[in-house]
Amino acid sequence: MRTLPKRRSFQLERLEERHLLAGDSFFVNFQNDEATTPTHYSRDTGLVFGDRGGGLFYGWTADHTDQSRERSLEADQRLDTLIHFEQGQSWEFALPNGTYEVTVAVGDPANNDGLHTINVEGVNLFNAVPDGETAIVGVVIVTVNDGRLSLDQGAAANKSTRIDYVHIVGVSTGGNIAPSTPTINEPSMVGQVVSPADVHMEAVGYSDSDGDAHKSTDWSIWTVDGTPEPVWQTLGIESIERYHTHLGDGIFINSRAGTTELAPDTDYELRVRFRDDAGSVGQYATRLFHTSAASTEFPMLIEDVDDAVAPVWASTFGDPVELAVGSTVEIVDGANGGPFLQFSGSRAVGNTVTNFAAIGVHSPVKVVITAGSAGLLLAESDLTFTSDDGEELTVFMPGVNLVSGGQLVLWVASSGATYVGLPGQTSPDFTSLARQADLSVPFIANKPGFVIEEVGAGYRLPVNIAFVPDPGPDPDDPLYFVTELYGSIQVVTRDGTKHEFATGLLDYNPTGPISGSGEQGLTGIAVVRNAENPEVYEVFVALLADNGSPSGGAVHYPKVEKLTSVAGGLSMQSRTVLLNMQPETQGQSHQISNLSIGPDGKLYVHNGDGFTASTAQNLDQFRGKVLRLNLDGSAPSDNPFYDASNGVTARDYVFAYGFRNPFGGAWRASDGQHYEVENGPSVDRFARVLEGVNYGWNGSDASMQINAIYNWSPATAPVNLTFVQPETFRGSLFPAEMQDHAFVSESGPTYAQGPQSNGKRVSEFVLGANAELLDGPDSFIQYVGAGRSSIVGLAAGPDGLYFTTLYEDSGSAGPTAAGAKVYRIRYVNPLAGDYDIDGDIDEDDATVWRETYGSNLFLGADGNGDGRIDAADYTVWRDAYEAFTTEAANAGAPLLQTATEPTVSESSPLVAQEVGMPRRVAFEAVLVNGDTTTALGGRTRFRPPVRATSEIDHDKMLLVNRTESAPAETPNDTAFASLRGSVSDTSDDAEEETTSLQSPDGGAGGQAHPLSGHFRGARR
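In this text, residue positions in the sequence shown follow full-length UniProt numbering: the first is 1, and each later residue adds one.
Don't read these hints as lab results, they were simulated from the structure.
Please note: incorrect hints may appear among the correct ones.
Claimed, not checked - Heads up, simulated DSS-like pairs for lysine-lysine below, C-alpha to C-alpha not over 30 angstroms straight-line: (1) K498 with K821; (2) K821 with K562; (3) K559 with K821; (4) K447 with K602.
From a predicted model like this one, the values you see are computed outputs, not experimental measurements.
Make a model of the complete structure from these sequences and hints.
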């Protein structure tokens, strides 16, 4: 019995009511009633022939429901379910008389004892064919004369044949002119290299001299070496997939049956032909292409090892590794052999470590292990060192067992994984894995000073992140929202808790092959808080809707809705349709996507072309555009093509046009302009979106270059865009030299495994004042794991860049399973007190401290890392400033003057009572100015965001910090801040308590400590 991948679920989409035509296609899956039905298929559960709905009549000559099975062994549901044929029985499907091409699959993934026989209309297709490693697929053309297509197993024994699925496609009987031969757009050129997991296929140019409509398309992929055979196909596929299809929309057959992708590094041929609604089939168009390596490893590159930071080499149990005398481990330049670092066995404790001079150019890292005369035996270990760029790197060393004088060569990947190499190799060879990288996060940053942290998990296909522009200060205030493709929205509060804001937003079941019809649903999101009532949140979303036309059908329509929460943003209370674009249709990928609110207060909507390029140039279509709406869904009268004379039309909403699939977008504060990233056939585009401009998409790669800032070629699937800028959360705590930079998430091939050369990264761009490209794209972070994760959602937050992975990384439960994550890219400033992150310490840093004093959101001046800006952070700056200016004075530089500081009274006795008690402290900030006391914006709870310390540590710091030296001036320079509120702990006794924190002179007539004031509240 063979071991097969865990199955992937598919869902039924009901077939619409119709009259059967010769050109129709019918797909039937044989299964038990409890099993999930594959997308586009009807289900047969073994019932006797009868009405199955949707105008279809089919079934068995005798009840077979007790012969239906689901094995839960195959990744492809169509091959995982089956029905046993009972002896002497047959299966029938009602059809108009005519000629049909019939495809039948047989097999049983759980047993190898089948002898399959199938006759179709009396024509033998299989004759006692034994089970193979995968399902067996055959095709036959037959004629129906009695209104029913019949399948039987002849005289075969009971349950000998197990049928998986059947495809029935009408064929013209003559007298009708065949449709035109397709023009293949994707793959876009002969020999194009594509991912074996994600082949995009697109064919256009349908015409028919009889005037017959385009009913469906046959797609198949063939091998080209030896004896060519089809290895993947989808015959007679309708709807959007007749123009543009993916591997997930078909089935792997013959030598690739049972798999989910093509073989890597292999030549293939795509064959495509059109079918009309009279059943005529056109000629095949063909296109040769080549698959890339299944996964691309990138080498670890360094120029030098920092000699100021000692390397650490320890076993996986944490024990130091000691080499035997005479044995060496060298970290060398793989291209030229020059040494970076050497460990030699020593007679003393430890190893002798030699750090060599810089190589002078970034080179791939290779490890050379040489055994001494006694041989060398080492367990798995981790070797960590710091590059001259300040990046901490770890090499994951395998276990070693070498004889005397033996040698092991290892190439090191960017993840730190090691691969077995050969002596004399000068370029990396990532063929034979020695030890996989042991990473808690499967991404690495390519710039020093940045860390990548997991901040959320358990998401299902998260596609976009939207931060609340002005989030509240409390732990349960919403910080950001995440849209999940299949119709849910999650909201994450300031304390890191994930809440389900809304679910079931789609009026159809979207699940299907993720590299195919399953790639559609809920996408864009923008969030605002009501100006008059900040407890009211308005969440704008973009989605595809069924709208009941027909119910459950495969045709969907773009829509913009507003979801309203009156309960503090944690759950949806109402939803309102702002713009319904029916009857314009869209499907997977090229759908409505990015939403944003511009500086003009208008809602900007990105809308794909729905796989019909002509829509992008038609101003009377919503598709292929960037639209501009008022927040109530109406068309602004100052839109470039607005015309009040002819009612409300699509033209009234158009802001810019000529787009294919503009999935990502963002606003740049420095020029007040909108930017987009867009997927093309094999060339992608990054562009500034200007009012009234045509961006030229007409179906060709060449048109994707129109008005482009940058083109990716080959395509990398850029899906989201954000700017790090001072106007957005004070620059996300990124260094000054990275402000006003654009960052783009490149998702790469759909559901591909491991690192990919054309995606799975965030890239950085530097633009000029006129949107000209100055630098980039540079890989900022990249995927280095062995799983399926990719990067999709991307947004600038208050403490870094946040991004989502689209899939659960292991892939064990399939691409649509929950388990995707949210990560944060955060800068760790090594220079204490450098609050504006510009590389020095000066009065500007104190200004940052003053401007953000009391905040638990903007943490650029959080010098002690406790999650809020307080007096202790001034102390950090002051001490660093004094050290910095002393060093400058010694170097002869002029000094700045800083204010003198008063002493501070002893800490409140409450500090001693507080130790060891989980506490909650809430303070109301007030401004005391002479005899006037003014509340500062209501109640403020000084609680840290996601990365804060515990409550007890936080509150200890708040009180204990009073013993530190404090600034002579308060942040506002003219008054002092007072904090009053409640202090609570977990004891059961309650008592009223008042604590005063006075300045040295009692708070009268002089400067006061920023935390001076009083606390009043109940202790619980």
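Going down the list of hints, with the structure as the test:
1. Restraint check for K498 and K821: satisfied, since their Cα atoms lie roughly 12 angstroms apart, inside the 30 angstroms limit.
2. At roughly 26 angstroms between alpha-carbon atoms, K821 and K562 fall within 30 angstroms of each other, so this suggested pair holds.
3. Taken as a hint, the K559 and K821 pair is honoured in the structure, with Cα atoms around 27 angstroms apart against an allowance of 30 angstroms.
4. With a CA separation close to 36 angstroms, the supplied pair K447 and K602 exceeds the 30 angstroms bound.
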